[in-house]
Amino acid sequence: MRAAPRELFAFYRDGFRSMVLGRTLWKIILVKLFLMFAVLKLFFFSNVLEKEFRSDAERSAHVLDNLTRGASK
Amino acid sequence: MGNDILMTVNWSRAQFALTAMYHWIFVPLTLGLSFLVAFFESIYLRTGDESWKKLTKFWMTLFGINFAIGVATGIIMEFQFGTNWSNYSWMVGDIFGAPLAVEGIFAFFLEATFFAVMFFGWERASKRFHLFSTWMVAIGSNLSAVWILVANGWMQNPVAMAFNPDKARFEMQNFFDVALSPTAVQKFTHTTSSSFLLASLFVMGISGLFLLQKRHQQLAKRSMVVAAVLGLVSSGFAAFNGDESAFHIAHRQPMKLAAMEGLYTGTEKAPIVAMGIINPDKKPGDNLPAFKQEVVVPGMLSLLANRDPNSFVPGINDLVYGNPTRKIVGAQERIASGKIAVAELAKYKEAKKTGDQSGAQAALALFNQHKDDLGYGYLNRPEEAVPPVPLTFYAFHVMVGLGTFFPIVFICVLFCAFRGTLENHRWLSAICFACLFLGYVASQAGWVVAEVGRQPWAIEGLLPVGVASTAIAAGSVKTTFFIFLFLFTGLLIAEIGIMVKQIKIGPEA
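Residue numbers (the working numbering), protein chains in the order written: chain A, 1 to 73; chain B, 1 to 509.
Treat each hint with caution, since some may be false.
Said to hold, decoys possible - Derived DSBU-like pairs: lysine-lysine, alpha-carbon spacing no greater than 30 Å straight-line: (1) B/Lys-221 - A/Lys-51; (2) B/Lys-501 - B/Lys-221; (3) A/Lys-41 - B/Lys-221; (4) B/Lys-53 - A/Lys-27.
What the hints assert, rightly or not - Negatives, chain A to chain B, calculated, CB over 10 Å: (5) Pro-5; (6) Arg-6; (7) Gly-15; (8) Ala-38; (9) Arg-54.
Claimed, not checked - If you anchor each label on the Cβ, the simulated ranges turn out as follows: (10) A/Phe-53 - B/Gly-359: 23 to 33 Å; (11) B/Ile-496 - A/Leu-42: 23 to 33 Å; (12) B/Lys-283 - A/Phe-53: 36 to 46 Å; (13) B/Lys-327 - A/Glu-58: 26 to 36 Å; (14) A/Glu-50 - B/Met-7: 37 to 47 Å; (15) A/Leu-42 - B/Gln-217: 50 to 60 Å; (16) B/Pro-298 - A/Val-31: 48 to 58 Å; (17) B/Pro-298 - A/Glu-58: 34 to 44 Å; (18) A/Phe-34 - B/Leu-492: 15 to 25 Å.
For the record, the hints were derived by calculation from the structure and aren't laboratory data. Note that beta-carbon positions come from the ideal geometry of N, C-alpha and C, so glycine has one too.
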């Protein structure tokens, strides 16, 4: 039974080691993911409702305000 | 709408369009090429011919490059939902949130398991299990597109939901009615079949290049035949479900159909414009001609829209100003109804705040009478309900024109392959190579029709894009637009560079 996880690990390890073009592609993927999550998400794309309101009730009230803004003017 | 808000909305739309169009460069090739690779490998397993294995590995490598560069580009759109489209995101969270998350997890595990076998397992797994893994990647990739397309279908035709005025949310009433609505089903079938078509053109395009260069001719010819068969079948299927889609658009989004055909005045025996040049000065309600030049097929639009060549098809003017004779309620009338819905929603909110239960009930009752026109309540003029007609018209006609041309190319390829003269017709190889690019043009044009044609709505008739967006500074959206533009351009150059290098190396790699 212990052989299975070891073989599985070896399968992935050998697979990654034998990559040629795959190494370049993985580098691109990692740079892209870094830019997306560590730069764009962190500094530019915060979830506005999550950040500015503490509860779902507050979020609902805010969206409802936006939906009815024209009517209350 | 104030100028600042308009700027924000337009930059948010531009950013979303940029991201979606970039995402859509990779997705259709992943969806279609995964199946072609599975077909190639199935032939290898059946024949035992090593040259089919070589061929499979070559296309699998190009599939891997496309997948790697395209992976996670869709997540950027999710970022935008939370930042630029927070009202929309909140309002539909109950309908899309959980299924999209489940789909993401499912796709991750499927890909982590079978993708690894597909690329690492040639020497480690049995031939049958390897083929099974390749098929699982193909099926899984296509299944992972289901819910996002269902979501898009729901936005075009919001069914099986109820608006909860306490939570300001659309809540799902019946999962199966949402998942299996005709719009959702057609969105999925048309998208996947057109993706198979695009992947077939991709394979034929590169194979055509090999034939022009007199390199890897056996691989090229074999690939072309399999791709042409899939392309021809997919073309027929895409045409069939495209026609079904147009039929439903005629009934659920008649304004979009009118814009697709540049039809301003509704008529019986409505013609289809086979080719035309839109009059750019034409506006709803004026007397200018809609086209500068046009070639029409009489009765075809009526047939397409109602399955009856003599039937009436409403035009933009009917849908904007109404047509009592045809019992068509125009945007003008719906705006009045929508404004009541918005006002009653505001009264309901205030009544709940002050604890006035009877006032809240009365406001809710009136709101419910007008809730189907809620979105119209945010429009100021009925003409705002009209999408950009020239862009919708040209995009639709480019898509249909190319969609008609591609099957002719597939038939020519199969005919020449049958006669054993495929490599002798350099013109055909050149056309196949050109079709590689034309396939992407058709694919992008299809989404332009779907998304531009449904403007001004984020959710058809219920939520215009102006209300769906977040009131943030236009400058910040503009900044991220250009960040994406540079990032995407860089990634696209990287992909094309790696692809071209790999194509130059060829199947020997």
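We went through each hint and held it up to the structure:
1. Straight-line distance between C-alpha atoms of B/Lys-221 and A/Lys-51 comes to about 57 Å, which puts the hinted pair past the 30 Å bound.
2. For the hint pairing B/Lys-501 with B/Lys-221, the CA-to-CA distance comes to about 21 Å; that is within 30 Å, so the pair holds.
3. Pair hint A/Lys-41 plus B/Lys-221 does not hold up; C-alpha atoms about 46 Å apart against a cutoff of 30 Å.
4. As the CA atoms of B/Lys-53 and A/Lys-27 are separated by approximately 27 Å, the hinted pair is consistent with the 30 Å bound.
5. No Cβ of chain B approaches the Cβ of A/Pro-5 within 10 Å, the least distance being about 14 Å, so the stated non-interface status holds.
6. A cut-off of 10 Å between C-beta atoms confirms that A/Arg-6 is not in contact with chain B; the least separation is 14 Å.
7. Not every Cβ of chain B is farther than 10 Å from the Cβ of A/Gly-15; the closest lies at roughly 3 Å, contradicting the non-interface assignment.
8. Distance check for A/Ala-38 against chain B: the nearest CB is about 13 Å away, which clears 10 Å, and the non-interface claim stands.
9. For A/Arg-54, the shortest C-beta to C-beta distance to chain B comes to about 15 Å, beyond the 10 Å cut-off, and the non-interface label holds.
10. For A/Phe-53 and B/Gly-359, the hinted distance range of 23 to 33 Å is satisfied, since their beta carbons lie about 26 Å from each other.
11. Hint check: B/Ile-496 to A/Leu-42, Cβ distance near 29 Å, so the stated range 23 to 33 Å holds.
12. Taken as a hint, the range 36 to 46 Å holds for the pair B/Lys-283 and A/Phe-53, whose Cβ atoms sit roughly 42 Å apart.
13. Here the CB-CB span from B/Lys-327 to A/Glu-58 is close to 44 Å, at odds with the stated 26 to 36 Å.
14. For the pair A/Glu-50 and B/Met-7, the supplied restraint of 37 to 47 Å is violated, since their beta-carbon distance comes to about 25 Å.
15. For the hinted restraint 50 to 60 Å between A/Leu-42 and B/Gln-217, the CB-CB distance of approximately 51 Å keeps it satisfied.
16. Checking the proposed 48 to 58 Å range against B/Pro-298 and A/Val-31 shows it holds: the Cβ atoms sit about 57 Å from each other.
17. Hint check: B/Pro-298 to A/Glu-58, Cβ distance near 58 Å, so the stated range 34 to 44 Å is violated.
18. A beta carbon spacing of about 18 Å between A/Phe-34 and B/Leu-492 agrees with the range 15 to 25 Å that was offered as a hint.
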